[in-house]
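**Q** Each chain, written out:
Number of protein chains: 2
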Amino acid sequence: MTSLVPDPTRRDNTLAIVATLRNQGPMARVDLGTANGISSATVTAIATELLRHGLVTELPAEPHRHGGRGRPKTLIRLDPEAARVVCVKLSLNEVQVVVGDFTGQVRHAETCTLNTAGLTPEALCDLLEERILATLAPLPGEPRELGGVCLAVQGVVSPASGRLIWSPALRFRNAPLAAPLAERLGCPVLLENDANCIASMLARQPAYADTPNLAVIMLGYGIGMSVLIDGKPFLGAGGSAAEIGHSKFEPGGALCACGRRGCIEAYTSDYAIYREAHALLPLPPGDSAHPSEEQMQTLVRLAEQGDPVARQIYHKAGRALGFGIANVLALFNPDLVLITGSGVRGYAAMRPALEAAIDEALVPELVGASRLAIHPWDRDMTCLGGIGMILDATDATQLASVVQP
Amino acid sequence: MTSLVPDPTRRDNTLAIVATLRNQGPMARVDLGTANGISSATVTAIATELLRHGLVTELPAEPHRHGGRGRPKTLIRLDPEAARVVCVKLSLNEVQVVVGDFTGQVRHAETCTLNTAGLTPEALCDLLEERILATLAPLPGEPRELGGVCLAVQGVVSPASGRLIWSPALRFRNAPLAAPLAERLGCPVLLENDANCIASMLARQPAYADTPNLAVIMLGYGIGMSVLIDGKPFLGAGGSAAEIGHSKFEPGGALCACGRRGCIEAYTSDYAIYREAHALLPLPPGDSAHPSEEQMQTLVRLAEQGDPVARQIYHKAGRALGFGIANVLALFNPDLVLITGSGVRGYAAMRPALEAAIDEALVPELVGASRLAIHPWDRDMTCLGGIGMILDATDATQLASVVQP
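As they're listed, the protein sequences go chains V and E.
Be aware that the first sequence starts at 1, since it is given in the working numbering, and climbs by one per residue.
Be aware that the second sequence starts at 1001, since it is given in the working numbering, and climbs by one per residue.
No lab work stands behind these hints, which were simulated from the structure alone.
Hints are not guaranteed to be accurate.
[As the list claims (entries may be wrong)] FRET-style restraints, in silico, Cβ to Cβ:
no., chain 1, residue 1, chain 2, residue 2, range
1, E, Pro1212, V, Pro352, 38 to 48 Å
2, V, Pro140, E, Asp1359, 31 to 41 Å
3, E, Glu1294, V, Asp359, 53 to 63 Å
4, E, Pro1176, V, Gly186, 29 to 39 Å
5, V, Thr120, E, Asp1359, 48 to 58 Å
6, E, Ser1161, V, Ala209, 18 to 28 Å
7, V, Leu133, E, Pro1212, 53 to 63 Å
8, E, Pro1212, V, Gly186, 29 to 39 Å
9, E, Ser1288, V, Asp230, 36 to 46 Å
10, E, Gly1231, V, Asp359, 44 to 54 Å
[To be verified] To spell it out: a stretch of chain E is covered by chain V in this simulated footprint if at least three of its residues, at any positions, have a beta carbon under 8 Å from a beta carbon of chain V; those stretches are:
no., segment
11, 1051-1059
12, 1328-1339
13, 1356-1369
Glycine included, C-beta positions come from ideal geometry on N, C-alpha and C.
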């Protein structure tokens, strides 16, 4: 009896080999086998199929660097041209379109600014289609070759249904975005929360490989979080899990952008910090609801120089975040809480109050072995993460002809 | 080439059939196949092996009840005598030993009271060994036939390492319990949190089958929680996840049994409610740290009769729990929050403040489609859940001879 279903083990092994080549770069067949617990014979067979379909290429064998013996290993690597994907990052008044290749590297990026809050779902889809096609047009290859799009949005989304639930960048709520965009572009569209994109990028790094439970907190205009369990974002039932920004510091406390009071975001986000400082300190003029990077840096500098008002504001921000992290420790008991995002510029000023708050909130048995660390925000990892996520999501399709010849 | 490893699919199918018979009772082969997506031929082959090893028996075929046609179906059921397991529930000043059979039913239970706080780890293991053997002795069969023990403990445990991290019932901390007890008894010992036992029991019920993300909150002497993701307790890195009792209502608030301030437990647990009431209301004399069921029922009755002090106390307890649940919704986004435990006796008195607090804390988009419900506490489900967990954990060993003849 022949089966119409491809061998699931062969498919899983092929996906694992492609993922390893993407995350770790060119590798020899034998090392790919070791890294994935697959026999040499199987790796060789899969590599032959991948080569035949033009998804990988061989690198010329290099002589042994350290005088080793035996035949030098031939490395194989993903062919960058085998797929083209796009990540669109949608945030308040900004749309960034980034083009990635099959290896997960960024090939091109364009950014435009506009009034996002005024968009209807239809106008947003018009805009995204137009921006994606315009970004792809000057690149070699046809736009129709697009393998997939990840739409990374600030706010609450449901990746399963492709619906945007709620975003600070948009006035409309609870609208489908993935399906209409997929229909316009003729390719799969993955709707993701921006924090999940960043966290999935970090989780690929060898430094965080030993942290099966990883909570990544993003400080910036808002406060986001992604909890990765065994490398996968924990989404909850409807996609709105891990919303640390709207967990509570104190009932009836400071007003949050969401409209409720006492949320962690209402103390620790850029807008909350600037709102407190605005009236009290000589800061560059601007919109207190949307402080610029320059304004936030001015404020951090004041705190670091010992200005008592600025210090007090960062103390309060750190205390609220510390209580928020204490709840994350009590409820998720992660291996590691990693703090990143543009708001880490103020971490040194928040740190003493943050650490004191965790200690005040939790007995050592509940802090357990959870660690707290900072990941520097030297570049925006959202789109790199989104490119990785859409490549992972479309690998099975891309590889269908390899697995089932 | 012959393999020494048993066929993983055959093993998984055998485990699935046994689990279905345990959770749903006697079934016909064809229905077992449908329930598990396994072919009739495979179910028949597995059932034959299970019969041959004395793990299942056949029930005499009953004639069709509703005048159906065809040959009546023969049901198969687990043989209760095929395994004997024990669940020990350890709580403040009480040790309960419950004996279960291969079907997961309770066959015998004994309870003793003692000063648990005074025990060292060695004295506790001595006591547990003695109590388990004494409970098994009068039963038919030899104690050495014991298939496994689940030790269900109030507090924080690490099931992976078998270490007790911290329990309100015990003064010592961070000590191994599973390994020394397994050595004494010569059988596998599973160390579990009591809330996880109850939640795993509830998750087996058909009513909660459509809730892949289920948060079960236990109200009582303390406040516990178990978050089940796809039916499995979410433990976190060290086993201390889901500790809603020690998540915060307000910084610097009421004193908790853990020694910190502002924990949900410090407002909503029996001891917290009684502590508030003790000085203000005419209640039966007693230890305010360990109120009895009768005392708690008196207090609920007062609130229901409109006593303003009792009402205010339950209002505050409900408000704190509501904010705690709001954080659970924001961070876990569960399908269902199920409230149970002896403390549900006061739920009606807490409910208006609890619901108002969730609404005050979270915008509707973050409440999402999460539901809130009560599961009546008509019997203690801890040991029934623990028996199910140790049976599931030891099935693979028990079935080894079936899978690999």
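**Q** Measuring from beta carbon to beta carbon, are E/Pro1212 and V/Gly186 in 29 to 39 Å?
**A** The hint (29 to 39 Å, Cβ to Cβ) holds, given that E/Pro1212 and V/Gly186 are roughly 32 Å apart.
**Q** Just to make sure I understand the rule, a stretch counts as covered if three or more of its residues have a C-beta closer than 8 Å to a C-beta of the chain. Does the segment 1356-1369 of chain E meet that for chain V?
**A** The restraint on the segment 1356-1369 of chain E holds, since 9 of its residues have a Cβ under 8 Å from chain V and three suffice.
**Q** In this structure, is the beta-carbon distance linking E/Glu1294 and V/Asp359 contained in 53 to 63 Å?
**A** 39 Å, violated
**Q** If you count the residues of the segment 1328-1339 of chain E with a beta-carbon closer than 8 Å to a beta-carbon of chain V, do you get 3 or more?
**A** holds (count 7)
**Q** Between E/Pro1176 and V/Gly186, is the Cβ distance one that fits in 29 to 39 Å?
**A** 59 Å, violated
**Q** Looking only at beta-carbon atoms, does the pair E/Gly1231, V/Asp359 fall within the given range of 44 to 54 Å?
**A** 35 Å, violated
**Q** Indicate whether the distance between the beta carbons of E/Pro1212 and V/Pro352 respects the range 38 to 48 Å.
**A** Between E/Pro1212 and V/Pro352, where Cβ atoms are some 41 Å apart, the hint holds.
**Q** So does V/Pro140 sit 31 to 41 Å from E/Asp1359, Cβ to Cβ?
**A** Given about 55 Å between the Cβ atoms, the range is violated.
**Q** Tell me if the beta carbons of V/Thr120 and E/Asp1359 are separated by a distance inside 48 to 58 Å.
**A** 29 Å, violated
**Q** Does the Cβ-Cβ separation between V/Leu133 and E/Pro1212 fall within 53 to 63 Å?
**A** 38 Å, violated
**Q** For the hint 18 to 28 Å, verify it against the beta carbon of E/Ser1161 and that of V/Ala209.
**A** Check passed, 21 Å falls within 18 to 28 Å.
**Q** Does the hinted range 36 to 46 Å hold for E/Ser1288 and V/Asp230 at CB?
**A** 44 Å, holds
Of the numbered hints stated above, those contradicted by the structure are hints 2, 3, 4, 5, 7, 10, 11, listed in ascending order.
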